[in-house]
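**Q** Just so you know, the sequences run in chain order A and B.
Going by numbering that gives the first Met the number 0, the first sequence opens with residue 0, and the numbers climb by one from there.
Going by numbering that gives the first Met the number 0, the second sequence opens with residue 0, and the numbers climb by one from there.
Among the hints, erroneous ones may be present.
Dumping the calculated SDA-like pairs for lysine to any residue here, alpha-carbon to alpha-carbon at most 25 Å [to be verified]:
1) 139(A) <-> 2(B)
2) 13(A) <-> 164(B)
3) 153(A) <-> 138(A)
4) 139(A) <-> 95(B)
5) 13(A) <-> 21(B)
6) 13(A) <-> 250(B)
7) 153(A) <-> 1(B)
8) 153(A) <-> 119(A)
9) 13(A) <-> 86(B)
10) 139(A) <-> 1(B)
11) 139(A) <-> 84(B)
12) 13(A) <-> 1(B)
13) 139(A) <-> 250(B)
14) 13(A) <-> 41(B)
15) 139(A) <-> 18(B)
16) 139(A) <-> 83(B)
17) 153(A) <-> 86(B)
18) 153(A) <-> 98(B)
19) 13(A) <-> 8(B)
20) 153(A) <-> 2(B)
21) 139(A) <-> 8(B)
Simulated coverage check for chain B against chain A, where a stretch passes if three residues somewhere in it have a Cβ under 8 Å from a Cβ of chain A [as the list claims (entries may be wrong)]:
22) 27–39
23) 174–182
Among the chain B residues that face chain A by a calculated CB cut under 10 Å, a handful are [unchecked claim]:
24) 53
25) 54
26) 81
27) 222
Hints are computed from structural coordinates only; laboratory data are not their basis.
On a predicted model such as this, the values are computed, not experimentally measured, just so you know.
Each residue gets a CB set at the ideal place from its N, CA and C atoms; glycine is no exception.
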Amino acid sequence: MDAIVADDLRKRYKDVQALDGVSFAVREGEVFGLLGPNGAGKSTTVRTLTTLTQPDSGRAVVAGHDVIRHPNRVRRSIGYVAQDSGVDWEATGRENLLLQGRIHGMAGAPLNRRVDELLELVDLREAADRVSRGYSGGMKRRLDIAIGLVHRPKVLFLDEPTTGLDPEARVAMWVEVERLAAQESLTILLTTHYLEEADRLAERVAIVSRGRIVVEGTPEELKAGLRGALVTVELGDVNGRVEDAANVVRGVDHASEVGVEGRFVRARVPNGAQAIPHILSALDGGGFEVAAVTTQRPSLDDVYLHYTGRDFATEDAGS
Amino acid sequence: MQFFRQTGWMIVRQMRNLMREPIWVVMMITQPLIWLLLYGQLFSKVTPLRAGASTYVEFLTPGIVCMNAFFGGMWSGMAMITDLDRHVIDRFLATPASRLAIVLSQVVRAAITAVIQALILLIVGLALGVRVHGGALGWVVVLLASALLAAAFAGISHGLALLLRRPASMIATSNMAGLPLMFLSTILVGTALMPGWIRDISRFNPVNWGVQAARNALVFGGDWGPTGIYLLLLLAATAVTSMFATWCFRSYQQSI
Numbered sequence: 000m001d002a003i004v005a006d007d008l009r010k011r012y013k014d015v016q017a018l019d020g021v022s023f024a025v026r027e028g029e030v031f032g033l034l035g036p037n038g039a040g041k042s043t044t045v046r047t048l049t050t051l052t053q054p055d056s057g058r059a060v061v062a063g064h065d066v067i068r069h070p071n072r073v074r075r076s077i078g079y080v081a082q083d084s085g086v087d088w089e090a091t092g093r094e095n096l097l098l099q100g101r102i103h104g105m106a107g108a109p110l111n112r113r114v115d116e117l118l119e120l121v122d123l124r125e126a127a128d129r130v131s132r133g134y135s136g137g138m139k140r141r142l143d144i145a146i147g148l149v150h151r152p153k154v155l156f157l158d159e160p161t162t163g164l165d166p167e168a169r170v171a172m173w174v175e176v177e178r179l180a181a182q183e184s185l186t187i188l189l190t191t192h193y194l195e196e197a198d199r200l201a202e203r204v205a206i207v208s209r210g211r212i213v214v215e216g217t218p219e220e221l222k223a224g225l226r227g228a229l230v231t232v233e234l235g236d237v238n239g240r241v242e243d244a245a246n247v248v249r250g251v252d253h254a255s256e257v258g259v260e261g262r263f264v265r266a267r268v269p270n271g272a273q274a275i276p277h278i279l280s281a282l283d284g285g286g287f288e289v290a291a292v293t294t295q296r297p298s299l300d301d302v303y304l305h306y307t308g309r310d311f312a313t314e315d316a317g318s
Numbered sequence: 000m001q002f003f004r005q006t007g008w009m010i011v012r013q014m015r016n017l018m019r020e021p022i023w024v025v026m027m028i029t030q031p032l033i034w035l036l037l038y039g040q041l042f043s044k045v046t047p048l049r050a051g052a053s054t055y056v057e058f059l060t061p062g063i064v065c066m067n068a069f070f071g072g073m074w075s076g077m078a079m080i081t082d083l084d085r086h087v088i089d090r091f092l093a094t095p096a097s098r099l100a101i102v103l104s105q106v107v108r109a110a111i112t113a114v115i116q117a118l119i120l121l122i123v124g125l126a127l128g129v130r131v132h133g134g135a136l137g138w139v140v141v142l143l144a145s146a147l148l149a150a151a152f153a154g155i156s157h158g159l160a161l162l163l164r165r166p167a168s169m170i171a172t173s174n175m176a177g178l179p180l181m182f183l184s185t186i187l188v189g190t191a192l193m194p195g196w197i198r199d200i201s202r203f204n205p206v207n208w209g210v211q212a213a214r215n216a217l218v219f220g221g222d223w224g225p226t227g228i229y230l231l232l233l234l235a236a237t238a239v240t241s242m243f244a245t246w247c248f249r250s251y252q253q254s255i
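Next up, chain A with everything else stripped away, as it sits in the complex:
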């Protein structure tokens, strides 16, 4: 069964078409990643699915409930961790969690137990009774996630969970999300503009660009869709003959996009394991000494470039 279905969602703000027909489905228990640069429409998609805002047209069903017709049913079934922390600064971590639970109709001992459990889970037990104004960015983010989980939602929305965190806190957050994902029947929709994050956490990824989904699949499928690997040969003693070596590699069947950088020769091939022996024997035949060979599968970076025709890093920096 699908935990989230988005069907041709469209929304326009004054002069920006934020959503231009977004459609995708997330299976129950799956970690699904919406990947794209800032301003691509990821957050608007999440705000629509969490009932925070309404689409101009299109339909969405979350945890079996229509977001437009039964928003309150959706709200009862979801946890929402927004891009910007929603922590109440004047309240302690514990008070933040208790209030969220009470809004969801929880009370008494079960609520207290649940709050203790979550404080433990996100490693905030010691800071639990301090006013959260003094929390670090990473602590606030972990509290956000705990807040989103108080009522045991079926679907958890994580909008850019690691933006603004330092690298160490980011890795800690990944471990956290992986642990949550391992829990039974929790579906997670994650948005991110970090390719490595989507690659690591999401079972399936949809790439969003300018309000549309341009491609969707497992990270493996998307990379395989690019066909091939990048082979890098490090030459031993070159004696100024690197270009000659590159020409030798160009002569190998199926090798394309051959390039040179210092003592390295790079080539794209359909299959790394099959191509390497041919490349090596060709180089050997030409009298070149090879110091090392590596192959690299395409990254989501390459996928992004391939499907949008735009370089991810440039696009993200420009927005």
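Position chain B against the provided structure of chain A, taking the given hints into account.
**A** Chain B alone, transformed into the frame defined by chain A:
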């Protein structure tokens, strides 16, 4: 039931957060006293201003109680702006929390604050020789008037906060609306001394409903019929403005 529980816990949050801002608590207590002592002294020699009260301070006390409640309500929307800025409201909106509960918790906070300030003003007033001529009922009416006045304007203020969403716009709007409403009421001078056109307008000024009710109870100790009507009018105004603020969530949600 769920609605009342939610409102209750939201009020707990409001009051707790309020108590955690020590500067705010000090301001809350000292500001009304400054009004009372300053105005009371400034105009104390002008006998006609007393309008039937034994001293000008006695005439002024219910006015200052109401002015304070009205200003408090008018400014209370700033708390909503803080909550919007910190994305607490967005978080609540993605839960089954009732929008009305969110608004009412803020409105009730404004009302409770106004009542505490009114009590402080009355106690200081007693020390300055003010008597509450309406007795126990008089006290209740003065406190009710301040609570309802704060609540009615808190509704407007929170609606504006959701529409404007920026502190600077809020400050400009509150100042623009606040001072005229104050001078179009009997806070500082009695009806008899007002120019006719101001007297006519003041009848429709909710600030004046509160002042009249409080002054009837404190200075004249009677006239309970009209006083009750003033309080009911304020209650109706609170209902209307709270609904307005709740409705303003739509506009906010359209914008995000």
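**Q** Give a verdict on every hint.
**A** Comparing the hints with the structure gives:
no. : hint              : in the structure
1   : 139(A) <-> 2(B)   : violated, 28 Å
2   : 13(A) <-> 164(B)  : holds, 18 Å
3   : 153(A) <-> 138(A) : holds, 24 Å
4   : 139(A) <-> 95(B)  : holds, 23 Å
5   : 13(A) <-> 21(B)   : violated, 42 Å
6   : 13(A) <-> 250(B)  : holds, 14 Å
7   : 153(A) <-> 1(B)   : holds, 21 Å
8   : 153(A) <-> 119(A) : holds, 20 Å
9   : 13(A) <-> 86(B)   : holds, 22 Å
10  : 139(A) <-> 1(B)   : violated, 28 Å
11  : 139(A) <-> 84(B)  : holds, 15 Å
12  : 13(A) <-> 1(B)    : violated, 37 Å
13  : 139(A) <-> 250(B) : violated, 29 Å
14  : 13(A) <-> 41(B)   : violated, 53 Å
15  : 139(A) <-> 18(B)  : holds, 22 Å
16  : 139(A) <-> 83(B)  : holds, 17 Å
17  : 153(A) <-> 86(B)  : holds, 23 Å
18  : 153(A) <-> 98(B)  : holds, 23 Å
19  : 13(A) <-> 8(B)    : violated, 37 Å
20  : 153(A) <-> 2(B)   : holds, 23 Å
21  : 139(A) <-> 8(B)   : holds, 22 Å
22  : 27–39             : violated (count 0)
23  : 174–182           : violated (count 0)
24  : 53                : violated, 44 Å
25  : 54                : violated, 42 Å
26  : 81                : holds, 9 Å
27  : 222               : violated, 43 Å
The structure fails to meet hints 1, 5, 10, 12, 13, 14, 19, 22, 23, 24, 25, 27 from the earlier list, while all remaining hints are met.
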